[in-house]
Structures are given as C-alpha cells and as structure tokens.
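Chemist: Sequence:
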Amino acid sequence: MTTRTELDLTDGGTFVRHDAHEFWRDVRRSRPVYWHDGDPGFWVVARHADVLSCYADVRSLSSARGTVLDVLLSGGDSAGGKMLAVTDRPRHRELRNLMLRAFSPRVLGAVEHRLRERALRLIGNVTRQGAFDFAAEVAEHIPMNTICDLLSIPEADREKLLRWNKSALSSDDAEADPLDALEARNEIVGYFMDLARHRREDPGDDVVSMIAAARAGDRPLTLEEVALNCYSLVLGGDESSRVSAICAVKTLAEHPAEWRALRDGSAGIDTAVEEVLRWATPAMHFARTATRDLEIGGSRVRAGDIVTLWNTSANDDEEVFARPRRFDPTRSPNRHVSFGHGPHFCVGAFLGRAELRALMGALTESVDEIEVCGAPAPIYSNFLNGYSSLPVVFR
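Its first residue numbered 14, the sequence shown is counted upward by one per residue in our numbering.
Keep in mind the hints are simulated off the structure, nothing from the lab. Because the structure is a prediction, the values reported are computed rather than measured. Don't be surprised by glycine CBs; every beta carbon is placed ideally from N, CA and C. A couple of the hints might just be wrong.
To be verified - Computed Cβ-Cβ distance ranges for the label pairs, DEER-style:
| # | residue 1 | residue 2 | range |
| --- | --- | --- | --- |
| 1 | Leu236 | Gly88 | 19 to 27 Å |
| 2 | Asp70 | Glu378 | 37 to 45 Å |
| 3 | Arg339 | Arg276 | 15 to 23 Å |
| 4 | Asp21 | Ala149 | 24 to 32 Å |
Take these sequences, add in the hints, and give me the full structure.
Modeler: Here it is in structure tokens:
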C-alpha cells in the first residue's frame, strides 16, 4: 500500500502515477491531519469533518493569500483582496453579494435555455458517428460557451479563452513549463481588463457591464477588480464543469447497470448529478493560511502555516459515505464538498449543476450505449482532477 510519506502532493503527476483513493484511505486511517515537508511545508487535512470545520472557520483560516497550493507555495496570490475567491470578510461579503447578481433568475433563465439546446445539439451530432473524443467535441463546448453566454463574450474570442483556460491550472503534458500556466492566467486577466474598459465606456445589458458599473461596499470596482472577478467566473465555470462532464461519461460507460437505471428513470438525474460531482471531485483541494494558532484534528497549527483541505479525500470518507468507491446515482443524502462549504461555497454551483443536468438529460434522450474505445489522457495537476481526452462511441 502507498503510504502518506511516499507521495509528493506538490507534484502534478503524483495522482497520475498513483492510486489517489488508496492513498487517501490510508491517510484518513493513519494520520488524518499531517505536516507535508517542503520549503515551505504545509498541513494536509483529509477527513470530511475536519475539512468542513476548516471551511467554516473563516476567522482562523484566511483565503486572502490564495486558495490553491501552488500559488501559496510560490509566495501568494497577487489578486488577494480583489477577487472574490481570495478575499476575507468584510470585503468577501461585499464582493459575493455583487457576484451573486450574475446568477439571478432573470440572467440564468436565458442561459439555461441555450445550455439545454446546446447539449442536445452536441450529443445529437456525435451519436452514431463512430469513435470521437468526447472532451474535444462535447465537453469543451458546454461549460465555456455557457459561461461566455453569461458574460456575453463574442463568439470569435471563445476559442482563445478556452485555450488559455486549459493551461491556467493544469496541463496535458507531464513536463509542462509552470510559466505557461502563469502566462495563460495573465492573458485571461488582460483580456478581461480590455473588455471591462470597453463595457464601462459603452455598457450593455450583460453581466460584465453590470459588474463594471456596480458598487461593492462604498465604492465601484476598479477595472482590475472587474477583470479578476470575470476571470474567476471563467476559470471556475469552465474547468470544473468540463472535467466533471468527461468524468460523468467515462463513469457511466464503466457502470452499465447504473447507466440503464438513469435511462429508465429508476435513478433520477438530480441525484446522479450530485454523485458525479462527488465521484469526480474536480478540484482536489483548496488551501488556506492560518491567521492565528489553532487546533485541527488534534494537531497544533501555527499562525502563518499553509493548510490544505483535500476535497478528494473528504468525498471518499467512509464515516460519511457508505461504500464510497461504489458509484451510486441514487445516493441520498450526498454531503460532498466538491463546491466547497461555508462562506466560500462556490457562487457558480447552480450553473455547474445545470450544465451536468443538461448533459445527462441529453445523453438519456439520445444515447443507448456508451463505450470507451481508447485510453483517456490524464490531466497533470495537483489541483484539477480528471482527463483531457476521452475516446468514446455513442450508440
């Protein structure tokens, strides 16, 4: 069995080479909160109860220096205090209230309608055509176009945004240069700086114009803040939904009885969506920085320490999920933490769920049988979990 001392959680290839579920099962049993050596080192939190507790403790565990391990290890996030995901209260509450307007029923109604139409069209186009790459021909087009619909991004700009986004937090290449990810993130922010400037000068009836014109607290957002928060919507709205969609199809192909239950209605799409989110856990971890001394799971954490919360382990915790390595589309309740928990719970969770519902609805309507016909290509990342390609046949 692979033990906790043998794996480097800073290496994007670790869980390509090793069984993550076996590793985390060992960690939960042997030492569910442990110190990972490094320069700097960091705390690893593995149990569901401890992960929930840490998400809720916003007074002791700050998001402002960054919420992704690689960013914290490299010195912190320059967007701290400006972008929703990397702010603390009270600014976090002000920004969150503003960003939630992007997900109002009025805005989402039109987006959801286009989302369902797009999913049905894409699945209809590939069914009965023989082997194809589900990632390239379907999964890449649903979430990115949905979030771009939300932000009214011109069609001509969407392909380059997808290309940058796919490099921002992960890579298809085990030997990728970390500077490529930094460059991709800078390109996205630069794009939204230009767009925010244009929409502020010539506003329309769209979410970017709304954010650019709105006030958070006692002042309007700067152009940089507008750009960073639009970037956050694109990054979160595309990456996690794309890899969840790929995982959903791979999993349904590997579990034909569960796929039949979904098709004949004995398993509901809503519960199946929650199980896919648990099973996939696209964001393997989120990170915090301790602002004061505290105790987590019996371990003494010091002010200034980095604390990593491993969703991928929490979503497999045997104390919470019966037979966690069984894919069960009827599982209820399903207390997964794939969207986080507490004050930083993902503002785009509704849209992420809607995208999976639309995909799975289109699959049950158009597809009888799903077959994986080649080896999926894994993503190399210590943050994002999943595959960048999935050769399949839909019959």
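Chemist: Each hint needs a verdict: does it hold in this structure or not?
Modeler: Results of checking the hints against the structure:
1. Leu236 x Gly88: 19 to 27 Å: holds, 24 Å
2. Asp70 x Glu378: 37 to 45 Å: Roughly 44 Å apart at Cβ, these two residues keep to the hinted range, so it holds.
3. Arg339 x Arg276: 15 to 23 Å: Holds: the Cβ-Cβ distance is about 19 Å, inside 15 to 23 Å.
4. Asp21 x Ala149: 24 to 32 Å: holds, 31 Å
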